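Peer 1: So the chains spell out like this:
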Amino acid sequence: MWEFILRSLEASTIFTFAALGELVDQRSGVLNVGIEGVMLFGATLGFITAQSTESYLLGFLVGTAIGGLLGFLHGFFSVTLGVDQVVAGMGIWILGFGLTTYIGCPYTGPLGMERIPTILGFSPFFYAGIALAVVSWFVLSKTSLGLRIRSVGENPSVAEVSGIDVTKTRYLCTTIGGMLAGFSGAIYALFYNPVWNYNFLMGWGFIALALVFFSMWNPLILLGGSLLFGTLWQLSLNPQLVLPGVLSRYIWRTVPFVITIGVLLLISTKWFRTRWGAARPEALARPYVKE
Amino acid sequence: MRIGSYQLKLEKRVTLSGGEAAIISVLAIIFALALFSSIFILAEINPLFAYREIFSYAFANPYGLPLTINRFIFLLLCTSAFIIPFRAGLWNIGMTGQLYMGALGAFAVLFAFGGKEFRALDLPHGIVIPLMLIAAALGGAVLGAIAGFLKGKLDVNEIVVTMMLNFIAFWLVAHMIKEGGPFMNPGGRGESFELPPSVYAPLIRGIPFTIFIALGVTVLLYFLFAKTRIGYQIKAHGHNPAAARYAGISTFKIPLLVFTLGGAVAGLAGYHYFAAVPGVYKIARNYGYFGDLAFYGIICGLISLGNPLAAIPVALLFGGLSIGGRFVQGKLHVGFGVDYALLGVLMITLVAFQFFYRYKITWAKTGGKVRCGSSSLEV
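Order-wise, the sequence lines are chains A and B.
Just so we're aligned, residue 1 is where the first sequence starts under the working numbering, counting upward by one.
Just so we're aligned, residue 292 is where the second sequence starts under the working numbering, counting upward by one.
Here chain A stands alone, though its shape is the one from the complex:
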């Protein structure tokens, strides 16, 4: 049981990092539906680097860097070129899915390195994830940088008039968002499940995207949401812990996805929207064109 709780918390750490990145992104008004692709890239290149240099540090650095690069690319598409952000995000996802399958294939198999040491049973990432959630909450709601980011996400033309560089702020957020997603992918491939296989994420990135919608763009609620989904995910892999012998293990794998749809449905009801709907960044997914 303890083992199960540990694994669940590790899983939720991955959700936390990816979803926090997406949250920062969306708070500045940019929607990136392709975080699964960014995570795949971070995971694959991190895995390859770590395996060939035998250094976890380099693996994480490369994973984070490629994530940042893809985040920047998404910024270039959606901020500079003004391409539809959904199209751009789809592009990043399919690029990640397609290219990592090709690049990673020769490395299929286990990582074969000593496991990352844990502190009191938990990985260092678990603590870092909680700290990061608190820090992002603080930065976003209590500092002038946070105000800048939020105002760009709510009303970019007003922000521009008050002297905020919309383009720069959005680039900053998409790049940081990408770095966090890349890092979370690297955690998956280097710690949570250090075996490379093609398209191994199977929906982590999309659930992280949905988590941001649930969180009402609040990092602390997001932390709670990722704990819930981390546990659910782990449960779907080990159904025998709750209901041994009921339904096949494949049916259990659908549970996190069914619940995601259920929660999305809940937050889309009129009842919910009239109460908490205002949390959505006003300018989300709308390109800003300076007049």
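Errors might be hidden in some of the hints.
To be verified - With a straight-line Cα cutoff of 20 Å, these simulated EDC-like cross-link-like pairs (lysine to aspartate or glutamate) come out: (1) B/K651 / B/E311; (2) B/K303 / A/D84; (3) A/K270 / B/D446; (4) B/K573 / B/E470; (5) B/K651 / A/D84; (6) B/K469 / B/E485; (7) B/K526 / A/D84.
Since the hints were made in silico from the structure, they are not lab data.
Please read all numbers here as calculations on a predicted model, not as lab measurements.
Position chain B against the provided structure of chain A, taking the given hints into account.
Peer 2: This is chain B only, laid out in the frame that chain A set:
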């Protein structure tokens, strides 16, 4: 930007004619293929040689051509499934799940007729094949309708929902065909039971009859969008849902309709690959691969700008490229997954080229050297 005495200017497009759009799309494909040749260069293969091998296998080889045509039928159906919601401004990335459900629907009919136990069963194919087609379309339509209903009723993000449904359908197929599932092969090989030969899809010169379905669907869609009221309503919803609502177009019915139709077409793609392509005739263990291929439908739909007829040549080209890519991968010993890599490169190039649908670069010869003395290049 100035080059010599020419000035390069970026201009916002007011309109985009069909011809201009076609030129941009063709340029995007050429650019992507040029970019993709870096993969061959990295593998120390002459890209021109590689492309010649790809195209000659895909389009001029007696073994490759039927494969290309079968893949073309599949991609065209997936593209149509993407295009219908796309014209209404909605994203169907759930073709993968919808085609799995279509495959399950088709096999459910066989299961009901007892096709699992006796492969030699002589089923009346004039009844069973139409039933399989209907069940496949229904299976896909139900999954599509879920996303359409949620979008129309509660405005739930359709991208996340269709993606979640993809994973749900993926595991449902696994449940049905593996580890004692109802459709499991009696031999216990983690794949579905095989189609009785009596209900193999009729072939016309080696090509399954589904080619007529795929082409028929695109022609029907073309007329739907060009000539009918409902097509007009779909397009109006795509331009501006809020304005469409003021014009009396239901913002509930349109999403539900387009996703149901899209799902049904994707379901037929599932029938095609698992029950009509010669040599397959079962839900194979690697069914996930066919699901992944459905994402080419997104690219075809985007490149053809939602025009069903324009999707025909695009689907044929990509069908050929993915088949040829698989072939050179084995022949020239390139790494596994060339067709996946091509998918990614094409998609990202296409995204960048979206820019040119809205802006154009114009050349203008500037006047003499005297009048424009701003450039430092001029003496």
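Peer 1: Does each hint hold? Answer for all of them.
Peer 2: Now for the hints, and whether the structure bears them out:
1. B/K651 / B/E311: holds (10 Å)
2. B/K303 / A/D84: holds (16 Å)
3. A/K270 / B/D446: holds (10 Å)
4. B/K573 / B/E470: holds (16 Å)
5. B/K651 / A/D84: OK: B/K651 and A/D84 at ~17 Å, within 20 Å.
6. B/K469 / B/E485: holds (14 Å)
7. B/K526 / A/D84: Holds, at roughly 18 Å.
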